[in-house]
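Peer 1: In the order they appear, the protein sequences are chains A and B.
In terms of the numbering used here, the first sequence has 70 at position 70, counting the first letter as 1, and numbering is strictly consecutive.
Whatever position you read off the second sequence (first residue = 1), add 174 for the numbering used here.
It should be emphasised that the hints constitute simulated quantities derived from the structure, not laboratory data.
A virtual CB, placed ideally from N, CA and C, is assigned to each residue, including glycine.
Wrong hints could be hidden among the right ones.
Said to hold, decoys possible - BS3-like, lysine-lysine: derived pairs with alpha carbons at most 25 angstroms apart: (1) B:700 to A:82; (2) B:313 to B:684; (3) A:100 to A:82; (4) A:27 to A:82; (5) A:27 to B:313; (6) B:596 to B:357.
Said to hold, decoys possible - Some chain B residues flagged as far from chain A (calculated, every beta-carbon gap over 12 angstroms): (7) 282; (8) 621; (9) 702.
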Amino acid sequence: MSHTVVIYAHPYPDRSRANRVLFDAVKSLPNVDARPICDLYPDFAIDVEAEQAALLRADLIVWQHPIYWYTVPAMLKLWWEKVLTHGWAYGDGARVLSGKRCLWVTTTGGDASAYDEGGMHAHPFSVYEPVVRQTARFCHMHWLEPLIIHGAHRMNDEQRAAYATLYRERLGAR
Amino acid sequence: MPALQQAFIYFAVAVVLVPLGSLLGLGSVLGYLIGGVLIGPAVLGLVKGGESIAHFAELGVVLMLFMIGLELDLRRLWGMRRQVFGGGTLQFVACGAAAALLLLAFGLTLQMAVVGGLALALSSTAIAVQTMNEQHLDKTPVGRTAFSILLFQDIAAIPLIALIPILGGAGGGHSEGGLGALKGLGAIVGIIAVGRYLTRPILRFIAKTGLREVFTAFSLLLVLGIAELMEMVELSMGLGAFLAGVLLASSEFRHALESDLQPFKGLLLGLFFISVGMTIDLGLIADEPVKVIGLTLAFLALKLGTLRLIAGRLGVSTSQRWLFAALIAQGGEFAFVVFKAAAEAFALPPGDTTLSLLTVVVALSMAMTPFILILHNRLFERHGKKASPEEAVEDEGASVIIAGFGRVGQIIGRFLFASGVKATVLDRDPDQIKLLEPFGYRVFYGDATRIDLLEAAGAARARLLIVAIDDPESSEMVVERVREHFPNLEIIARARNVGHYAALRRLGVKTVERETFEGSLVLGRKALEALGCPPFEARESADAFRRSNVRTVEDLLTHWDDPDDEFVALANQARRALEEQFEIDRKSLEKRGIKGWHFDPEE
C-alpha cells in the first residue's frame, strides 16, 4: 500500500475558497499523512527532523498551496530550504528521496486567461512551473503531471467538489 | 419542642423526600411540600408552631430574591421596565378580574371577591423561580417574561395588603397614610445608599482579611438587615433584598456572594416549602372534598386560560405560551398574607370557612405546579417541538475565564481583550481588582479553587479556562477540581517551573507554559546577538533549544517518580544530546565551506 504525505501551505486556511475543500477531501484518507505546515509551525520554527521523517515514510509527496506572487507561499519556500537540506535531499550522493513521486497541487485566483500573453500576468502559467518541478527533480523525485486549478476566486460548490474528487483520485482513492 | 429536634425533622424531610421527588421527576418543590404535609398537624403532627417557622422560612424567599437581584444589574433592570410595569399590570388586572368573577359565582360578596381575586392573581415567586431554575428556563425569554410578572406582583402586593382594611371597613384605620409612605421611601433610599456606597468597601475590607466565614456572615447580615428594615416600614422584605442584589450585581463580589449564600438560600427555601405544605389543611379537604378540589381546579383552569390569552400581548412566542401559563398559574405566598389580613378586616361571622378554604386552594395550586408542568411537557413535547433559536438560552457569560489576574493573567487578558475576546476574570486579591476595575474588565473577587465560584463565573458554559495563578499548589487544585467537575472545559495553564509544569501535564492539561521560559529565551537570543550572532540565526538557535527542551521535559514526565539521582542523570543526558546536536549542525555547515556562526570563548 502506498503512503502519501501532503505538505499543505496556507497561512489563512479559514479564508481559503478552494484549498480548504481540497485539503479536507484528502486529509483523512487512509495512508495519508496530512501536514498543514502553517498550522504546525505558526512561528516558522520548522521541526526539520519530523518533516524529514515524514518524507522518508512516503512514496508520494504532495505540495499543496495557493500561488502567491507567482510561486509557493513563503512558508513552503522556507520548508524547502530547511527540510530539503544538502547532504540529505541532494548533494554528496544523497538520494533518500530518489524514486519518490512528487505531485504539485496548486490554485490561482484568476482564471487561465489571466495568464495569456495579453492577460494581466503577461506570461502563460507554464513559465512559473519549472521552479517547482526542478526543485523536485533536483532531489531525485519523479515529477507527476501537476494538478493546477485556475479561477479559485469564482468557483461554485459543484466545481469545487469536482476538483476534490479529482484530487482524491490522483491520490489513489476511489 | 427543642430546636435541635425540629431541625432534625426538617433535615430528615429534606434528605429523604426531596431526592425522592427529583427521582420521580416531580422536582424538589413537591418533595418539600409533601414533606410539609406529612410532618404538619394534619398527618403526623411532628412539628408545632408552623406560623413562626413560616415567618423564619420567608428568609429563603428573601435570599432568593437577593440572588435574583445579583443576576440583574441596573441597566438590565431598566431594560425590563416596560415588561415589568406594562405586562405586570395586564396580568394582575386580567387574572384578578377572572378570579374575582369566579369568587362572585361562588357566592362571595363583591368586596371579598375583589380582594380574593386580586390575591389569587398573584403567583408564587418561590415555586416558579425554583422550577424555572431546575428546568433551565431562567435565562430563556419565557423565563424572563415570567420573572418580570413576578417582580411586578411583589410590588403590587404591597398596596393590595394596605388596601384591605379600607375595603373591609372593619377594624381598619391603623394606616399611617403619608407618614408610612415617607418611611418606606426613606428605607429604599437607605438601601440604595448602603448598597451603593457602603457595602463594597466593607466587602473589600473583609475580603482582604481572608476570613471566609466572616465574608459569609456579612453576606447574611446584609440580607437579614435589609429584610428587617423593610419589615419595620411594612414593605416587602423580598423587594428590598432584590433591590440590594441589583445594586451589587455589577460588583466584583457578585460571584462570591452568590456561592456563599447558595446553600442557605436552598435550605431556607426548602423550609419555606415545608411550611407551605404544613398549612394544607387536610381536614378541610376531607370535610368538603368536592368543594375544595372543584374550586382548585376551576381556579387553575381559569388562571391558565387567562395567562394563555394574554401571553401573546406580553411578547411570549407562540410555542411557549402554555409553558408560560403553566409556570405562574399557581397561587402565591402573598395570598396567605392577604387572606390573614382580610380575616381581620372583614369581620366574618365565626365559623366562616371561606378564607381557610381559599388558603387551602392556594396551597393546593402551588403543589399542583409540578404536575401541570409534567402534563404540559407530555402534551407538547410529544410533537417533537424543539426550541426555536430565539428561545435558546441567552449566554451572558464570557466564553473565557481567567483564574488569577497577576503579572501573567493581566497580559493574557489585555491581549485577548485587544483581540475582541471577552473574558471573566477571577482573582483573590481585592486590591488588584480595585486597580483594574476602572479599565472595564469583568473582574470578580474570589478563590478559583472553589468550584461553586467557578460555576458562578460560568465554567459550565465557558469554552476555555486559563489558569494563571502563581501559586503552584492552588493552581494544581483548580485544575484537579475543574477536571473532575467540568471535564469538557479546555484548560491552558501557567507553570511556575518545571516541577509545576510536570504536575499540570500529569493532571491532563495539554497546554502548559512555563512563565519564565519564553522571556528567558528571548534574552538568550539577545545575548547571542550582543556577542555577534546574526539575529535570524539567533532566533533559529532559540527555536531548536525550545524544541529540544520541551521534548526533554515531556520525556522526563514518565520518569518523574524515579529516584533523584536517576532523574538527574536522564536530564543531563538530554542536555548533552542538545549540545551534540548543535555541534553536528555546525560541523555540517563547516564541511560545506560555510562558516556558521559560533561562539568562540577564546576569541
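Peer 1: Give a verdict on every hint.
Peer 2: Hint check:
1. A hinted pair counts as satisfied when its Cα atoms are at most 25 angstroms apart, and residue 700 (chain B) with residue 82 (chain A) qualifies at roughly 23 angstroms.
2. Under the criterion of a C-alpha separation no larger than 25 angstroms, the hint pairing residue 313 (chain B) with residue 684 (chain B) is inconsistent with the structure, at around 33 angstroms.
3. As the CA atoms of residue 100 (chain A) and residue 82 (chain A) are separated by approximately 19 angstroms, the hinted pair is consistent with the 25 angstroms bound.
4. Simply put, residue 27 (chain A) and residue 82 (chain A) have alpha-carbon atoms about 24 angstroms apart, close enough for the 25 angstroms limit, and the pair holds.
5. This hinted pair does not check out: residue 27 (chain A) and residue 313 (chain B) have alpha carbons roughly 41 angstroms apart, beyond 25 angstroms.
6. Of the pairs offered as hints, the one joining residue 596 (chain B) and residue 357 (chain B) is violated, with about 43 angstroms between alpha carbons and a cut-off of 25 angstroms exceeded.
7. The claim that residue 282 (chain B) lies off the interface holds: its Cβ sits roughly 69 angstroms from the closest Cβ of chain A, which is beyond the 12 angstroms cut-off.
8. At roughly 35 angstroms, the least C-beta separation between residue 621 (chain B) and chain A is larger than 12 angstroms, which holds for a residue marked as non-interface.
9. Once the 12 angstroms rule is applied to beta carbons, residue 702 (chain B) is consistent with being away from chain A; the minimum gap is 16 angstroms.
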